[in-house]
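For reference, the chains in residue letters:
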Amino acid sequence: MIDNTIVFPVIVHLFTAILLLFFWRKTLAHRIISITGSTIGIAIAINLFAKVWGGDILTMEAAGWKSPFGITFVADVFSSTMVLLTSFSGLAVSVFSAIGIARGRIIYGYFPMLHFLLMGLNGAFLTGDIFNLYVYFEVIIIASFVLITLGGRKAQIEGSVKYMAMNILASTFFLTGIGILYGITGSLNMADLSLKVAALENRTLVDLTAIFFIIGFGIKSAVFPLYFWLPSSYHTPPSAVAAVFAGLLTKVGIYALFRMFTLIFVPDEFTRTLLIVIAVLTILTGTFGAVIKNNIRRMFSYLIVCHIGFMVGGLGMYSEVALTGALFYLFHDIMVKTNIFLIAGLIRKLRGTMNMDKLGGLYAEYPLLSFVIAIVLFSLVGIPPLSGFWPKIYLFEAGLMDNQYVLIAAIIIGSFATLYVISMMWAKVFWKDQPTVEGEEALTDDFRPLSKFKKSLLVGPIVFLAAITLYIGLAAENVTQVAKHIAGEMKDTTPYIEAVLGTNETQ
Amino acid sequence: MKSAILKTASSYLLPILLLFSIFILLRGHYHPGGGFVGGLIAAIAFVLHSFTHGSEATLKLLHTHPSSFIPIGLGVAALSMFVPMLGGQPVMTSLWFNEPFPVIGLIGSALFFDLGVYLVVIGAVLTILFTIAQYSE
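Protein chains in written order, with my numbering: chain A, 1 to 507; chain B, 1001 to 1137.
Simulated from the structure, these hints should not be mistaken for laboratory data.
C-beta atoms are modelled at their ideal positions from N, C-alpha and C, and glycine is treated no differently.
Where hints are given, some of them may not hold.
[Claimed, not checked] Away from chain B, derived, C-beta distances all over 12 angstroms, residues of chain A:
#1 Asn4
#2 Leu20
#3 Phe145
#4 Tyr182
#5 Val266
#6 Thr271
#7 Leu284
#8 Arg348
#9 Val482
#10 Asp492
[To be verified] Ranges between beta-carbon positions, derived for each pair:
#11 Leu1106(B) - Ala199(A): 37 to 47 angstroms
#12 His1029(B) - Leu274(A): 39 to 49 angstroms
#13 Leu175(A) - Ala1004(B): 47 to 57 angstroms
#14 Ser1011(B) - Ile2(A): 54 to 64 angstroms
#15 His1029(B) - Met401(A): 55 to 65 angstroms
#16 Phe1036(B) - Phe69(A): 21 to 31 angstroms
#17 Ser1067(B) - Thr36(A): 22 to 32 angstroms
#18 Thr204(A) - His1031(B): 41 to 51 angstroms
#19 Phe69(A) - His1029(B): 36 to 46 angstroms
#20 Leu175(A) - His1029(B): 26 to 36 angstroms
Make the full structure from the sequences, and use the hints.
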């Protein structure tokens, strides 16, 4: 069904960013416009999700050029769910940034870049054209280059060199893959590619092309052995920036993997084995990295890597149950990972450091806040009935059906390691008495002097995302339905293809 | 650079180059040219002016800092994309006036997209060059 309004999630952030550029250097206006823009974004995303969930897959052909020749936008349940989660994260980060980002960074264009980034993310989720997907990836990485270097501290520049080098390499692989794919099929439209690639007889060539995409998206989503840029760059920018990166940037790689490997390269034995091996190694490396880190954000960075493996593993098993689990985990992960980096930023505001050895006593000082943070942290671990628990059940079930015992073992190791590091962090940061730190590294409290309104701008987003996480955990039934529906669409792509290409015949 | 010849020439070249850049912008829909090239040519006109008269004089000539062209250009381009949606058309559809205008010819919404690109390119190129010039002085 054609619906021209499905590009609104892209357009709203484009216009917000342009409006922000008009108010260059006016920090108060930036804060207000950004929060307003993100709120409108949520309303649009909810509307889109409601429309798609209630009925058909919606498409839009840019400038009226018919698919497969023009650029098509497609909103199915997967896309619109991702857009919805992006807008939740976007609002939380907008609000947190109003106080959490230093004035100097706002003056040099923090908010416009944040909205260009969100525009790129929404575009990447909604597009149905593989080259257009590449263009949105470029929009995303250019905006993220600015965000990661903005401020220009030495550590930031050092982290961003690794980040930029690896992401440009990933884009090159992605683009090469598109080139080869276009060479062998003569199409860029994903639905059209799905039919044409399935009809190809030279499967070796298809597998080879698939590897280009696995490497490209693999670097972006930080899977083994291409993950090392992530832990060495994500702890350098301000926490609000790290929150968007952690919650959304690695996940857009996962989104693209899911889209490509269910629609275009339907996994054969070779790709499935490859994905499962990658998943196991990713989980294990992430686990070992997280266990030895003492800085909160570095530890969280390794946990991102570890949990990416769960989703890739789900894709590798490629049964409906496994996909349901992986998708559920993806939804849960976006909310939780955004939130834990915001929490890291808040802890830094409270104490001026993120080194766990120097932190302590937060529970005694802020019991209510600690309770909210506990919900988030234990959702991350997956203690029932919180949100991280349910997807793992599906993954285990799929693993048992598929006899993937190594993957199950890796997921169990990953889960227990997460439990271990999070409870260690809880004990060190919240329960332990505040150790006395003297000299130059004395702790600073930037939180207490703030006005009540400003405090609520910092804590509000964390509570907001924690509430969504709580919903995902307690109302798991609804989320499972969404995940199951998407998994169904992934196994049977005919409705997607008909929605995109069928419009030719009806007009 | 203090050369009498260049100085005299640049005051004549500025309007001619600007006019030429608009010509390039307008012919861009069907022929080589368009907003990006036109914008570069217009930027060259101002760069030449700042070579001979100094960047202060060029900034005075522009009345405003070139970076303010960027949001205006982006706004024009984004609106030209969005306006067709008000008429129920998909985003970026070309809308055309029925009658051609004298001199310019037939105008469509694509021209406004190009105009936006034109402004963004002038703004971006001049902002970069003036920033570098200020640091090197």
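Hints, one by one, checked against the model:
no., hint, in the structure
1, Asn4, "5 angstroms, violated"
2, Leu20, "8 angstroms, violated"
3, Phe145, "16 angstroms, holds"
4, Tyr182, "22 angstroms, holds"
5, Val266, "30 angstroms, holds"
6, Thr271, "35 angstroms, holds"
7, Leu284, "45 angstroms, holds"
8, Arg348, "32 angstroms, holds"
9, Val482, "27 angstroms, holds"
10, Asp492, "28 angstroms, holds"
11, Leu1106(B) - Ala199(A): 37 to 47 angstroms, "43 angstroms, holds"
12, His1029(B) - Leu274(A): 39 to 49 angstroms, "48 angstroms, holds"
13, Leu175(A) - Ala1004(B): 47 to 57 angstroms, "51 angstroms, holds"
14, Ser1011(B) - Ile2(A): 54 to 64 angstroms, "55 angstroms, holds"
15, His1029(B) - Met401(A): 55 to 65 angstroms, "59 angstroms, holds"
16, Phe1036(B) - Phe69(A): 21 to 31 angstroms, "24 angstroms, holds"
17, Ser1067(B) - Thr36(A): 22 to 32 angstroms, "24 angstroms, holds"
18, Thr204(A) - His1031(B): 41 to 51 angstroms, "45 angstroms, holds"
19, Phe69(A) - His1029(B): 36 to 46 angstroms, "20 angstroms, violated"
20, Leu175(A) - His1029(B): 26 to 36 angstroms, "28 angstroms, holds"
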